[in-house]
Amino acid sequence: MERTLYLNENTTLNVMRDGPSLVVKEGGKSGRRVPARMIQRVIITGNIKLETSLITLFTQNNVPVTFLDRKGNQIAVTLPYKQYLPEQYKDQKVFLESDYTTQRFMTFLKAYRQRVQIDVLKRLLKRQMPDHYITVGLKEQEYQQVIDNATSPYHEIFQLIRNAVSALFVEMVVGKLLSSDLDPHMGVMHRRRDFGLALDICYILGPEIDIQSIQFFCGKRGVGHRRSKGISSEDIKAIAVRFENRKDVLVTMTEHIIDGIFELIRELRFGGELRHYL
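Using numbering that gives the first Met the number 0, the first residue of the sequence shown is number 0, and each one after it goes up by one.
Among these hints, one or two may not hold up.
What the hints assert, rightly or not - Below, computed lysine to aspartate or glutamate pairings styled on EDC-like, alpha-carbon distance capped at 16 Å:
id, residue 1, residue 2
1, K48, D98
2, K70, E8
3, K92, D180
4, K70, E155
5, K92, E266
6, K175, D247
7, K175, E254
8, K24, E8
9, K236, E8
10, K236, D68
11, K70, D182
12, K89, E233
13, K121, E141
14, K24, E50
15, K89, E25
16, K89, D247
17, K92, E262
18, K48, E25
19, K92, D182
20, K89, E266
21, K109, D68
22, K175, D258
23, K138, D118
24, K48, D68
25, K109, E139
These aren't lab readings, by the way, just hints derived from the structure by calculation.
From a predicted model like this one, the values you see are computed outputs, not experimental measurements.
Starting from the given sequences, assemble the full structure and let the hints guide the process.
Next up, the structure:
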């Protein structure tokens with residue numbers, strides 16, 4: 000089971016490194032020791048006291064560390080330094096070689112996203128989902144209209160919540176891309192952007208981000224935000240708990256998407272080599 004370390008702003012919290020482990024102390028309580036090898040992701044929100052050697056420990060273990068501000072916006076990500084490009088870097092470039100290969104990747108993204116949209120709408124609308132979404136095909140504007148209807152007229156605060164949820168998704172995807180030796184920055188839809196490929200995959204997973212945001216927004220903690228202008232560290236903790244409850248499913252989905260990317264790379268490279276000899 001993959002574990003995520005969440006550290007929320009707390010004036011009494013102190014996190015230290017002790018060899019291959021970290022020790023978390025709060026107030027006058029005795030510290031809790033956690034082996035770093037048990038942690039696959041780290042998310043730090045707000046201002047906490049920690050030793051910088053902890054960042055080194057995680058990056059040495061190929062674990063990304065994501066920093067969020069108090070509103071849940073992603074501020075920075077630390078990644079392990081590699082002198083050489085990821086193993087799959089050259090293969091990934093096939094998506095940018097021509098208009099044809101770029102379009103194939105875009106078609107892959109949109110088709111996969113539509114599958115996720117249908118699944119999310121089934122959970123969101125239940126029996127009220129129109130049949131033509133499946134029989135004829137769901138249009139992007141139809142999907143967006145459903146989401147807008149579920150959150151209007153609280154779009155501004157909903158977007159703050161969604162930003163916090165989205166940061167957790169991006170962090171998860173970046174970790175999976177690193178472990179797959181893919182370059183997380185080489186995006187197609189989000190070309191020339193930091194973590195471009197991670198954002199491409201999060202475009203597919205966007206409906207999952209939407210439904211988690213809506214579930215929080217409509218839940219007990221979310222109701223109070225309809226009149227507020229921000230989210231607290233406790234809210235971010237609640238958002239993280241909701242994410243963790245579905246994390247295993249989301250990790251599996253992400254791995255299937257990455258498998259699909261590898262399959263498309265092989266298909267396009269073989270097709271290109273075949274055309275070279277014809």
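Next pair to validate is K92 with E262; report whether the Cα-Cα distance is within 16 Å.
holds, 14 Å
Compare the distance between the alpha carbons of K92 and D182 with 16 Å, and conclude whether the hinted pair is satisfied.
holds, 10 Å
Quick one, are K24 and E50 close enough, alpha carbons at most 16 Å?
Within the cut-off at roughly 12 Å; holds.
Proposed proximity, D98 with K48 (alpha carbon, max 16 Å)
Cα-Cα ~49 Å, so violated.
Tell me if the straight-line CA distance from K236 to D68 falls inside 16 Å.
holds, 13 Å
For K92 and D180, compute the direct alpha-carbon distance and say whether it is at most 16 Å.
Given that 16 Å is the threshold and the Cα spacing comes to 14 Å, the pair holds.
When you check the alpha-carbon spacing of K175 and D258, does it fall within 16 Å?
holds, 11 Å
Pairwise hint evaluation, D118 against K138, where the allowed Cα distance is 16 Å at most:
The given pair, whose Cα atoms are some 14 Å apart, holds under the 16 Å limit.
Check the hint pairing K70 with E155 against an upper bound of 16 Å on the C-alpha distance.
Answer holds: K70 to E155 is near 13 Å, not above 16 Å.
Hinted pair K109 and D68, Cα distance within 16 Å:
violated, 31 Å
K70 and D182: Cα distance at most 16 Å?
violated, 28 Å
Holds or violated: are the alpha carbons of K92 and E266 at most 16 Å from each other?
Roughly 13 Å separates the two Cα atoms, so the pair holds.
Violated hints, listed in ascending order, are 1, 11, 12, 15, 16 and 21; each of the other numbered hints is respected by the structure.
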